[in-house]
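Chemist: Residue-level listing of the chains:
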Amino acid sequence: MTAPKTFKNAKALLDYAKKVRESRKIRKREIRVCGGPGCVAGGSRKIYEEIGQEIDAHAAELKAAGLELDVTLVKKCTGCHGMCEAGPIVTVEPDSIFYAHTKPGDAKKIVEETLVKGELVEDLLYRLCDRKGGDRAHTYHDIPFYALQQRIALRNVGTIDPTDFDDFIAAGGLEGFTKALAMKPEEVIEEVEKSGLRGRGGAGFPAGRKWKSAVRVKKDRVWIICNGDEGDPGAFMDRTIMDSDPYSVIEGMLIGAYALGATEGYIYVRHEYPLAVKHLTMAIERLTAIGLLGDNILGSGMSFRLKISRGGGAFVCGESSALMRSLEGKVGEPRAKYVRSVEKGLNDEPTVLNNVETWVCVPAIMNKGADWFSSIGTPTSKGTKVFSLVGKVRHTGLVEVPMGRTLREIIYNVGGGILNDRPFKAVQTGGPSGGCLPADKLDLSVDFDTLTRAGAMMGSGGMVVMDDRTCMVDVAKYFTKFLIDESCGKCVPCREGLRQTYELLDKITRGEGEMEDLDKIEKLCHTMEVASLCGLGKSAPYPVTSTLQYFRDEYIAHIKDKKCEAGVCKPLIHYEINKNCIGCKLCKKRCPTEAISGENKKLHVIDQDKCITCGICYDVCPVDTVDIISGGEVVNNRLEPTGKAKLAATKA
Amino acid sequence: MVRLTIDGRSIDTEPGKTILEVARENGIEIPSLCYHPGLESFGACRLCVVEITKPGWDGWKKLVTSCLFPVEEDLIVDTRSEEVLENRKVVLDLLLARVPDSDVIRQLAAQHGIHDTTYTKRENADTCIMCGICVRVCDAIGCSAIATLSRGPDKYVDVPNKDACIGCLACAMSCPTEAIPFTEVGGKRIIWDKEFDLVQCTATGEYIGTQEQIDHFAKKSGLDKSYFEKSDMARKKETAAAFARVQFK
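Heads up: the protein sequence lines correspond to chains A and B, in order.
The first sequence: position 148 = 148 (the numbering used here), numbered continuously.
The second sequence: position 113 = 113 (the numbering used here), numbered continuously.
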């Protein structure tokens with residue numbers, strides 16, 4: 001479809017959208033290849049090209065089957081499908097066929113079997129359980145990972161081509177904006193407030209209330225900002241939305257601009273997100289060209305200009321006041337805010353800053369109404385939330401579920417449980433400064449308030465699952481180190497407090513800890529929490545305080561018994577080969593320091609003076625006879641033995 | 001007019017001031033390190049934290065930074081509550097670990113009952129506490145020669161824009177812990193590894209400053225250069241001479 005040069009009014013836009021949808025009714029097949037970074041790394045671009053070539057090669061057969069490229073058959077490269085663990089992913093619509101783990105070379109099978117003959121390629125279908133011969137899912141509706149999700153923020157992610165405006169508009173794009181334009185600005189704000197939408201960036205501040213207070217400050221200019229400086233390790237929900245559905249983010253900001261009377265806005269994107277920058281830039285150019293950004297948008301008299309600013313790679317710039325300093329061209333350090341940014345933000349003018357996921361929810365609220373949105377979720381946390389489910393969980397990826405689901409539902413039902421069926425130990429929610437919750441908190445409802453009460457937080461939606469081979473003191477140390485590297489270094493509690501907390505934790509993992517160190521850590525954490533300048537410092541102690549609260553015994557075992565139950569803290573463990581050794585010499589060959597001696601088919605021995613506890617022998621032993629010893633006990637954390645190891649164990 | 005209570009005293013003051021300003025005006029001492037009356041508040045040292053509450057808050061209290069928090073009607077401020085003192089102690093303890101050789105920090109810590117740090121002392125420590133006054137002063141003067149570099153515990157002050165340095169010593173003179181070294185020997189001043197020739201007073205011959213400094217201040221202030229080319233002593237003498245010429249009735 002060729003779009004008109006500019007859309008003079010909302011009706012022209014809606015008419016065009018209708019025409020696009022009409023023209024697509026004759027589509028019989030749509031083949032979607034995931035263009036998310038995970039799948040691209042797995043070769044999805046190549047697969048996409050090959051599918052094109054195969055379609056050309058089979059043009060005659062396809063035509064006989066009633067499929068003609070670009071008319072009745074469409075191939076497109078979409079954004080991330082979410083289930084990165086199963087990538088590269090190819091889906092075929094309208095049958096919802098889901099091909100997982102595809103490789104370059106599979107295109108032929110997909111085109112010949114599925115497109116020409118209309119049959120499934122059995123061995124590319126997703127296997128529902130790890131075991132060989134397990135059932136395979138025929139469509140993605142059969143996969144719990146997808147079936148249990150409710151997608152609002154991710155509504156277009158993985159289904160549309162992010163670079164195609166027509167695709168966006170056919171999926172109902174800009175309908176929310178045209179609805180907003182038909183309302184008075186204050187009614188739009190009222191609607192957002194009524195929906196109960198809370199900021200998805202971490203703090204969960206009600207978006208409508210923020211907008212309202214910005215309007216109340218009478219000033220000539222209001223800025224609006226989209227915070228796309230997602231920095232949490234393992235979190236990629238904002239990136240995915242910007243990569244895969246850039247138009248919807250901008251639509252959210254257009255609605256915000258209309259409601260707030262803003263004429264200028266920024267999208268602050270992390271430097272490490274080149275695809276997001278590319279797609280957003282394309283979207284801004286396109287929308288400017290057709291008169292949806294700029295002056296007199298859709299004949300409404302409204303003007304709005306949008307710029308992209310790339311962050312320099314500092315985690316702290318995700319903090320709103322630091323982000324604004326960075327936008328002003330100053331050093332990205334937070335500013336103490338007793339004056340809120342809705343009063344004095346960017347350039348000391350009223351500023352409304354919301355996170356990517358928050359902005360992207362706004363068009364959906366306009367489109368379907370506040371009542372619909374607020375009917376989802378819990379009484380205080382409305383709507384859905386996107387989580388990036390990572391760590392020791394079977395199905396890693398992006399999931400969007402209604403607020404109020406339990407941790408157990410997300411980890412076990414959506415995520416498919418713990419990898420290799422190991423026991424669950426903890427889940428960290430809310431990014432690097434989130435808290436770690438133990439197994440008895442698995443039935444907590446996942447919403448802003450419940451998680452905060454439990455000593456964790458919603459944060460931006462990171463969810464790191466840990467199994468029994470994770471040492472919680474080590475986890476606390478790891479996140480503290482991350483935060484040391486990312487602290488801006490402005491205020492004393494965060495800069496010095498984190499460094500000292502790390503020293504104390506390190507001392508404990510070296511087996512040199514004393515019980516009074518725990519009191520010292522707790523005191524430091526308290527000061528960091530109450531006396532730090534910004535949110536980073538205030539929440540920095542959570543990984544430590546939450547592990548101290550729920551896994552205190554582990555700290556004590558490290559201090560008193562010099563024992564690391566998980567077998568992780570190197571200074572506290574050593575390896576020994578037990579009497580079941582079959583003398584295969586594998587460990588001896590692989591040991592990098594030649595610490596293992598023993599003759600063929602005789603018991604091998606590790607020379608503890610030479611051993612550097614690298615653990616290679618433990619990993620390579622075919623019969624699991626290398627033991628991890630800590631605190632005088634075996635702490636192997638092995639699952640039930642299988643295969644050769646089982647045989648050796650029964651023999652012994 | 002705003003009426004608030006600080007440490008049990010009812011105080012009337014103008015709106016727009018911070019708790020720290022009002023407390024100090026009324027003789028209530030709150031310790032601080034990064035606060036400088038001539039600069040915008042920074043809120044980095046966290047030493048000036050105080051506890052606030054309000055009649056309607058149902059006894060709920062919170063810690064705020066007094067150098068930044070604007071006074072409000074009915075505000076009840078406690079500058080020495082147990083929570084305030086505990087956190088001040090931790091902050092001083094942390095600073096003492098950072099700069100174990102700084103007399104200023106040692107004395108301040110001792111006043112709060114800390115004679116040795118509980119934490120691991122920094123190795124090869126200088127006496128910089130990263131209060132940022134030097135950098136902010138340099139910005140305020142209009143030079144922006146020095147800046148903080150790196151971040152987190154590795155953050156330090158250096159001179160990335162050496163050309164802009166006018167050798168005025170404002171950074172060194174306003175540093176609370178005397179962490180910025182400089183030398184003045186034989187008509188030469190060295191600071192930030194940059195050497196300056198010192199200008200002598202046209203009247204008394206005393207060394208008064210660098211040529212760059214005189215030029216910069218004359219330009220910024222709009223005053224005649226000759227004003228800056230005289231030492232304080234020379235200016236006093238001029239004033240005395242002027243007064244001697246006046247015929248008092």
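Incorrect hints may have been included.
Unchecked claim - With a straight-line cut-off of 30 Å between C-alpha atoms, the simulated DSS-like cross-links for lysine-lysine are:
hint	chain 1	residue 1	chain 2	residue 2
1	B	LYS155	A	LYS330
2	B	LYS121	B	LYS188
3	B	LYS89	A	LYS560
4	B	LYS219	B	LYS162
5	B	LYS17	A	LYS212
6	A	LYS523	B	LYS188
7	B	LYS236	A	LYS538
8	A	LYS330	B	LYS219
9	B	LYS237	A	LYS212
10	B	LYS62	A	LYS520
11	A	LYS219	B	LYS17
12	B	LYS194	B	LYS162
13	A	LYS523	B	LYS62
14	A	LYS330	B	LYS220
15	A	LYS523	B	LYS155
16	A	LYS520	B	LYS155
17	A	LYS507	B	LYS220
18	A	LYS344	B	LYS61
19	A	LYS63	A	LYS28
20	A	LYS481	B	LYS121
21	A	LYS481	B	LYS89
22	A	LYS520	B	LYS194
23	A	LYS278	A	LYS19
24	A	LYS538	B	LYS62
25	A	LYS523	B	LYS121
26	B	LYS162	B	LYS188
27	A	LYS25	A	LYS8
What the hints contain is simulated information worked out from the structure, not anything from laboratory work.
Computed from a predicted structure; not experimentally measured.
Chemist: Hints broken by the structure, by number, lowest first?
Modeler: Hints 2, 6, 7, 9, 17 and 22 are the ones this structure does not satisfy, whereas the remaining hints hold.
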